[in-house]
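So the chains spell out like this:
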Amino acid sequence: MSIVKHQVGHHFFSGAQESSSAKLGMWLFLVTEVLLFSGLFVAYTVIKSTNPEMWAEASSHLDTTMGTINTIVLITSSFTVALAVRAAQTNKNGEKNGQLFWLLFVTILLAGAFLVVKYFEYSHKFHVGMLPGEAYFYDGIPHANAHRFFGVYFLMTGLHGIHVVIGMGVLTWVLVRARKGHFYEGYYTPVELGGLYWHLVDLIWIYLFPLLYLV
Amino acid sequence: MASSGSFWMPEQGSTIAADVDTLFDFIYYLNVIFFVLITAATIYFVVKYKRKSDDQLASSNVGHNTALEAAWTFVPLVLVIICFVWGFRVFLDQSVAPANALEVQVKAEKWKWNFQYSNGSQTLNELFAPAGRPVKLVMSSKDVLHSFFVPNFRIKSDVVPNRYTSVWFEAKEPGDYQIYCTEYCGTGHSSMLATVKVLPAEEFDKAMLKGEWPGQSGEGRDPVEWGKELYVSKTCNACHSVDGSRLVGPSFKGLFGKDEKMTDGATVKVDENYIRESIMDPNAKIVEGYAPAMPSFAGQLSDGQTDALIAYIKSLK
Amino acid sequence: MSMTQAGFAHEGAQETNYLQAKKGLMSWLYTVDHKRIGVMYLASVLSTFLLGGVMALLVRAELFTAGETIMGADTYNRVFTLHGLVMVFLFIIPAIPAAMGNFVLPLMLGAKDVAFPRLNLASFYVYCVGTVMALYAVVAGGVDTGWTFYTPYSASVNGPVVMMTMAAFVLGFSSIFTGLNFIVTVHKMRAPGLTWGRLPLMVWALYATSIIQVMATPVLGITLLLLAMERVLHVGIFDPAMGGDPVLFQHFFWFYSHPAVYIMILPGMGIMSELVTTFSRKTIFGYRAIALSSIAIAVISFLVWGHHMFVSGQSVYAGMIFSFLTFLVAIPSAIKVLNWTATLYKGSISLAAPMQWALQFLILFTIGGLTGIFLGTLGTDVHLHDTYFVVAHFHYVMVGGTVTAFVGGLHYWWPKMFGRMYNEKLATVSSILFFIGFNVTFFTQFVMGSQGMPRRYYNYVEKFQTLHQISTMGTWLIGAAFLLMAGYLIASLKSGAKAPANPWGARSLEWAIQSPPIEHNFHEIPTVQEGPYEYPTTVGPAKH
Ligand code: HEA
Ligand code: HEA
Ligand code: CUA
Ligand SMILES: [Cu+2]
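Chains as they are written, first to last, in my numbering: chain A, 1 to 215; chain B, 1 to 317; chain C, 1 to 544.
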């Protein structure tokens, strides 16, 4: 396997300037993502503090086992994507192209597994009526306004789910380029940035899991 | 009547108005001083140092002056802290009602104000209050946000569904004072007006005992004239025009005697009884092409007032 | 006058400039050149300004008499809502950063482009999508919620509210992209020798603005998303009918929208610093103070949102804290205003068109800012909240401030952008017309506001009629001023005199290259040896 040399953008002096720009840009983007979710965390806090008993009760109706499985799945995927970045960084003459490809592949697969588990969780809730707003018809929680918990649950996990899907798209794009041999020790910015994004997606779940399932 | 107000502020109708105005004046003169200083300096510099030839250079090279800059950071800072502390103290007076205040319950709804007194009586878009005694309003909304504002009293508070907010005032003298809704609430927002009717304290007490408010019976008045006033003061005008144009509800023009089609297909001839029912139980029959948006006025209009409204609608050919 | 700065152009043969470099519509639509993107943004924001302005003229026409003048209440409510939304989201937020900033930022930094040219183009297209969605919402019946979208009204009223909120959501992304791009560009793309202490103040201002765009806009995004969810699924976060808290929405909304008012003013303040120095031929007074006060404004602006909610039923204690912080954020603005005034001292002052607008800014923004003190003070805000006093306040800062700075900047960089000069006499007429018209329109609104005239009122009580009529007549002068301006600017494109590289004798890097610039700005990246305001004076070089 061989590698394809990267062309530095015409408006940069050097590859170093280019890659540090890209990294700073990515970090700023991650800040905006965190702030996007922060709004939901505020809504979470407000609703929880106004209906504490309902909240505790509704929370216990979530499936902790599935949540735990998903947490493990995502942590593992964070690990594999980190290894992928490492592989790209140390890819000298293309000898790690294959390793890079498979690590990215496993990461995407794990992301898919996460979505499958989520699908089973969601479809159970749809079935029994643990739904947001007016769609709510579950009768197992003896508190008013339990639909508010599920509103927040679906908004938070839903927005996170969308991020998982976007992350899969990004990683697939990286994977295709890796396959073509675009990444090597002199140029691996997309792998690194894709990895950063994926870490963020994991990190948000690390907060969502205890806040929704365990409290 | 008290002073008729200044260039900036309307007449002072409540005991706290003077405090608010003094604070306003303080900030105002502070602002005028700064504004005049800055404008005068600007104009002076522009005139004095105007470029006279194309190659004229500046005659100073000063890039900063720590003492001067510190001064103009510090002086405004002190001034705004004064504004802050003073403003907060006035705000506390505005917010905290005296313990002996008379309570009136206020229900706001698109687009009318309903006032309920401790004697059980209700008034619509007219708040009766005694002069020289504190009154506390405990307010809540039935639908969206509204806001209760009496410029002469310098008080304002939002009125929120599922929650109680309050304002208080002590009117200085008997008279009528304008109430506005100042939180946007839709089509009729600018018609959601009402009046504070401040009565001499004894007269107020008498009315409370009798449970009957002055001007509510309309004795000796021409019903059509009176109905025309009520049409505005009870905010029918927010939803019904008298010139044939369509608002939230059907126009009153030529309504009486007409055959109206209802959403359920029935046809109704508009007569006195139908109009009365439309006012007291508006959802009983819904006119075709309209939403059931009209609130009930049951308990909020006296018999005399309802009759006057009917007479007025009848007169609109 | 001698130019000591390295790399200043000599008037000589013109090379192919960025406007001619490539031909055809496609070369514009696919361009990643920051200058062309800036020009496309400029054309867009001028169109939206016209749209918002026409709405404003309709609002004022309706208020010419009490009761129905030209439209009914429902139409009026849609028109003023749209006026606010268009002016805020489609015009003023992108106006200076995305249109002018895009054009000048890389030039001022001595860079060939922004850090992410394709992201820059994406931002423009996202803006277009958002605009189309907003216009669709208008065609589909319009929304009448006010630009603030307060719940529960917005959650219950009929109409394409979801489409409109999603439009604002999409527009937010365009704003984030621009901000993110600028931050990275300022950090990473500065020419050698261009230290932070040598950056033009316009760059500092754009940098501070970008921080707010990146930090605050996502919160608006999630707020609007929640509002849309509330309407679609009734999730019960804001809607009291579903157990929600209607006042919570206001916290969310203002957490973005207060910082947003500084997104609107900070770039204008940046332009001010450039204009005042250039047309006084003098170094800025208090460079550090102005630069740092931009950052201070950006940071503190996140902590004052509650001053829009003093009478919303929030606690007295919260009101106290927000009032205090509001005053803290006023101080950096005060510092800037006073520094600009001091810069005029002993300068060589030219009253060219851009400077006329700068001087208007100084006066009008001061009035707008000072009236903010009445609003930040709890005791007086209770009376003034949601009256025309507030309307006058924010038009003085947004129109008297940002729009005058925008127009000043437009006249300043116009020769650089298009290589043409415009008719100075007509420009003077236009600026005088605007100044008179503006004050007639909005000063009257202070008076009627403090007299108790509520805002968002289709109808009003008799006693305000005279003031409303004077106010409406003022808008005709404003309209005439802008019409005239549009006339001579368009004429200049065809028949204006060719602009030299540096018509104003300014010192920052964008004036060191030909007008209009070549496609890649600089043949060779310049090396910077001194600050942007090192004007020679009769008493020697600038002292700092
Ligand atoms: C460009 C936009 C912009 C800017 C820069 C500002 C600047 C300020 N604003 Fe304004 N504001 C708006 C746009 C803006 N505002 C909008 C759009 C609204 C209404 C939104 C709506 O409801 O629809 C609003 C509403 C608003 C309110 C809420 C009013 C209400 O609804 O009840 C308040 C309250 O505190 C306020 C305060 C201030 C203050 C203290 C400043 C300060 O930053 C001003 C600082 C400037 C100066 C002080 C002047 C210069 C200084 C000197 C001359 C030196 C001397 C100074 C002193 C003695 C202090 N503004
Ligand atoms: C940037 C923001 C901005 C700008 C520029 C303006 C500009 C104007 N605004 Fe507006 N306004 C708002 C933001 C703005 N406004 C907001 C946020 C609200 C609150 C909405 C709400 O309550 O929800 C509001 C509300 C508002 C009201 C209150 C409505 C009410 O409460 O009922 C009024 C009333 O007078 C008004 C008037 C005007 C007028 C006369 C102008 C004039 O200055 C306009 C002049 C402009 C023109 C006449 C256009 C001319 C242009 C051209 C001819 C093209 C030029 C082309 C080239 C130069 C090439 N505005
Ligand atoms: Cu009720 Cu506005
Ligand atoms: Cu604010």
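The hints are simulated quantities; they were obtained by calculation from the structure and are not laboratory data. Hints may contain errors.
[As the list claims (entries may be wrong)] A few chain A positions that, by computed beta-carbon distances, are all more than 12 Å from chain C: (1) S2; (2) G9; (3) G133; (4) R148.
[As the list claims (entries may be wrong)] What the simulated footprint calls covered on chain B by chain C, stretch by stretch (three residues with Cβ under 8 Å from a Cβ of chain C suffice, anywhere in the stretch; the number is not a length): (5) 141-147; (6) 205-218; (7) 265-271.
For every residue, glycine included, the Cβ atom is placed at its ideal position computed from N, Cα and C.
Practice task
Could you tell me which of the numbered hints above are not met by this structure, giving the numbers in increasing order?
Solution key: 2, 3, 4, 6, 7
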